[in-house]
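When you get a sec, could you build the whole thing from the sequences and use the hints?
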Amino acid sequence: MNTRKRNIGYERGTKATALFFSFLLLFLCSLFGGYGQEALTVYVEGEANAKNLQGKLLPLEIGNPLKSGESVITKTTGRADLELPNKSLIQVKPNTVFTLSEVELEGEKQTVLATTVGSVSYRLNKFTGRGPSIRTAGAVAGVRGTDLTVYAGADGSTLVVVEQGAVAVESVGKEVTLEKNEAVEVKPGSPPGEKFTWIGKQIDYSTWNQGKLEEFLKDPVAGIDRVAYQLEVYRQGLAEILPVLVRVETELNKVYEELKKAVEAKDEARANQLREELIKGVGANRRVLFLNKRFYALSYLSLRRYVVGGLYLQMKARYITKPTAPVYQAFLERYWDIIRKYEETIGPHLVEADI
Amino acid sequence: MKSFGEFWKKNKVVLILVVFAGLGILQSFTSCATVPYVQKEEKVVKLVELINRGGVNEVPGVANTPFIIDGEIVLLQKDLSEFWANLHKVGFSIRSPKVVQNRFAMMEDAKYFRDSMEVRTFLKKYIDRDTSLVQVQSVDGTFYFLLGREVKGYPKMMGFRGPVQ
Numbered sequence: 001m002n003t004r005k006r007n008i009g010y011e012r013g014t015k016a017t018a019l020f021f022s023f024l025l026l027f028l029c030s031l032f033g034g035y036g037q038e039a040l041t042v043y044v045e046g047e048a049n050a051k052n053l054q055g056k057l058l059p060l061e062i063g064n065p066l067k068s069g070e071s072v073i074t075k076t077t078g079r080a081d082l083e084l085p086n087k088s089l090i091q092v093k094p095n096t097v098f099t100l101s102e103v104e105l106e107g108e109k110q111t112v113l114a115t116t117v118g119s120v121s122y123r124l125n126k127f128t129g130r131g132p133s134i135r136t137a138g139a140v141a142g143v144r145g146t147d148l149t150v151y152a153g154a155d156g157s158t159l160v161v162v163e164q165g166a167v168a169v170e171s172v173g174k175e176v177t178l179e180k181n182e183a184v185e186v187k188p189g190s191p192p193g194e195k196f197t198w199i200g201k202q203i204d205y206s207t208w209n210q211g212k213l214e215e216f217l218k219d220p221v222a223g224i225d226r227v228a229y230q231l232e233v234y235r236q237g238l239a240e241i242l243p244v245l246v247r248v249e250t251e252l253n254k255v256y257e258e259l260k261k262a263v264e265a266k267d268e269a270r271a272n273q274l275r276e277e278l279i280k281g282v283g284a285n286r287r288v289l290f291l292n293k294r295f296y297a298l299s300y301l302s303l304r305r306y307v308v309g310g311l312y313l314q315m316k317a318r319y320i321t322k323p324t325a326p327v328y329q330a331f332l333e334r335y336w337d338i339i340r341k342y343e344e345t346i347g348p349h350l351v352e353a354d355i
Numbered sequence: 356m357k358s359f360g361e362f363w364k365k366n367k368v369v370l371i372l373v374v375f376a377g378l379g380i381l382q383s384f385t386s387c388a389t390v391p392y393v394q395k396e397e398k399v400v401k402l403v404e405l406i407n408r409g410g411v412n413e414v415p416g417v418a419n420t421p422f423i424i425d426g427e428i429v430l431l432q433k434d435l436s437e438f439w440a441n442l443h444k445v446g447f448s449i450r451s452p453k454v455v456q457n458r459f460a461m462m463e464d465a466k467y468f469r470d471s472m473e474v475r476t477f478l479k480k481y482i483d484r485d486t487s488l489v490q491v492q493s494v495d496g497t498f499y500f501l502l503g504r505e506v507k508g509y510p511k512m513m514g515f516r517g518p519v520q
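In order, the protein sequences belong to chains P and R. Read in the working numbering, the first sequence has 89 at position 89, and its numbers run on one by one without any break. Numbers in the working numbering are just positions in the second sequence, counted from 1, shifted up by 355.
These are calculated hints, taken from the structure and not from any lab test. On a predicted model such as this, the values are computed, not experimentally measured, just so you know. Note that the Cβ used here is the ideal one computed from N, Cα and C, for glycine as well. Do not rely on the hints blindly, as some may be mistaken.
To be verified - Going by beta-carbon spacing under 10 Å, a handful of chain P positions derived as facing chain R:
#, residue
1, 49
2, 56
3, 117
4, 318
5, 355
Shown next as structure tokens:
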């Protein structure tokens with residue numbers, strides 16, 4: 001009889017533990033996955049790869065989904081068209097790095113469509129809820145029902161050209177609104193420049209980018225300083241989040257412990273209250289902070305890899321036969337400062353799959 | 356003269372062993388593709404000559420992304436192509452190259468490029484048993500290459516560092 005009682009108790013305990021861990025699993029899934037915006041690959045031409053969540057580079061094929069956190073990297077002949085669930089079209093042009101991600105703002109998820117280098121055209125339909133944020137290394141554009149092309153240069157510069165609708169382009173706290181056939185250029189770490197009229201043929205990215213590169217080469221130190229400024233914005237954003245995240249995670253652990261005890265004590269009312277707290281209260285806070293932490297860390301990584309890395313290769317190749325040239329040495333000093341900050345403060349928040 | 360049947364009866368075991376040994380040797384020849392690849396020094400020199408005459412971009416596949424230059428992981432093919440083109444434009448060359456180290460690449464070789472999490476992850480992800488670390492000494496300094504199996508008669512480059520004085 002005692003054995004049977006013990007068995008029933010054991011079974012109940014096992015069930016309670018199983019329920020607790022099932023809930024925990026569901027909660028963790030809601031934290032780390034399952035919240036992803038997805039795009040569908042509807043057209044591929046030439047060589048285009050997808051960098052997936054495991055950090056693997058795989059050839060992109062028609063029908064492949066692109067999940068939040070994944071990137072498309074096209075080669076010289078590569079192009080890819082992606083479709084969002086509301087049928088908005090994203091055209092990734094050659095020599096481009098495009099990333100789909102999400103941030104959470106005021107309790108609402110926002111899709112981030114980021115072009116680190118290269119050019120991307122958008123034909124965006126109306127979105128239910130918050131519209132996507134179109135980003136480059138140095139500028140943010142808020143859009144709804146708009147056709148536009150974003151160019152991201154090798155020096156971190158941005159050019160936004162609006163073909164239809166209206167776009168608000170923001171950088172370092174200053175905003176410019178563009179209407180149909182208007183364009184604006186933004187240098188990294190600077191406010192948007194004067195808007196200008198652009199009618200006719202699409203701008204040739206290669207020519208525009210070559211101009212940006214030549215501008216950079218005239219004064220590489222000022223060029224890398226501008227990118228460093230933008231990197232600092234991301235680094236500070238991350239630095240502000242981290243202490244809050246640690247505090248919220250401590251609170252979260254306390255709630256977990258309490259929930260575990262409530263489940264063991266079969267206090268269903270208290271357990272439900274704590275589950276609610278994990279989903280809507282402290283758990284929701286943690287999810288927002290975690291998403292935004294990832295956003296800052298990955299934005300820093302992208303800018304540092306594709307823009308700073310690209311500029312380093314340009315300078316190294318040009319100065320390989322005269323490495324003691326003062327301008328090269330001054331550039332390297334700034335470059336190493338960026339690398340040191342990256343390895344000390346950003347690296348610890350990245351995982352192997354990000355690399 | 357003894358018949359084959361009689362010969363078989365007497366030497367059955369020896370014959371079976373000979374057949375199995377023959378099959379083993381045959382298999383080792385046919386499975387060359389699975390034997391780790393070792394770089395040949397003359398091919399490395401041929402590659403250096405290709406770099407010196409600015410021909411890297413003319414041989415498709417000899418330098419493809421992902422690639423590592425110093426500590427930078429290069430994922431855009433355009434950046435890599437421009438790097439080789441720019442090297443040639445400034446008259447870069449590796450004069451009197453001499454292979455002083457040639458062995459299988461390891462994770463620990465990150466230190467020859469940049470001892471960082473990025474480089475270690477790159478090596479973990481992309482090197483395999485066919486990848487070699489080759490150190491070339493020249494009058495222009497020391498260079499490190501990560502090289503794979505041949506592509507169109509040249510070792511495939513996966514990494515480049517140098518000159519290290």
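Now the hints, each set against the structure:
1. 49: 8 Å, holds
2. 56: Constraint on residue 56 of chain P satisfied, holds at 8 Å.
3. 117: Cβ of residue 117 of chain P sits 7 Å from chain R, so the hint holds.
4. 318: Check passed: Cβ of residue 318 of chain P comes within 6 Å of chain R, closer than 10 Å.
5. 355: 4 Å, holds
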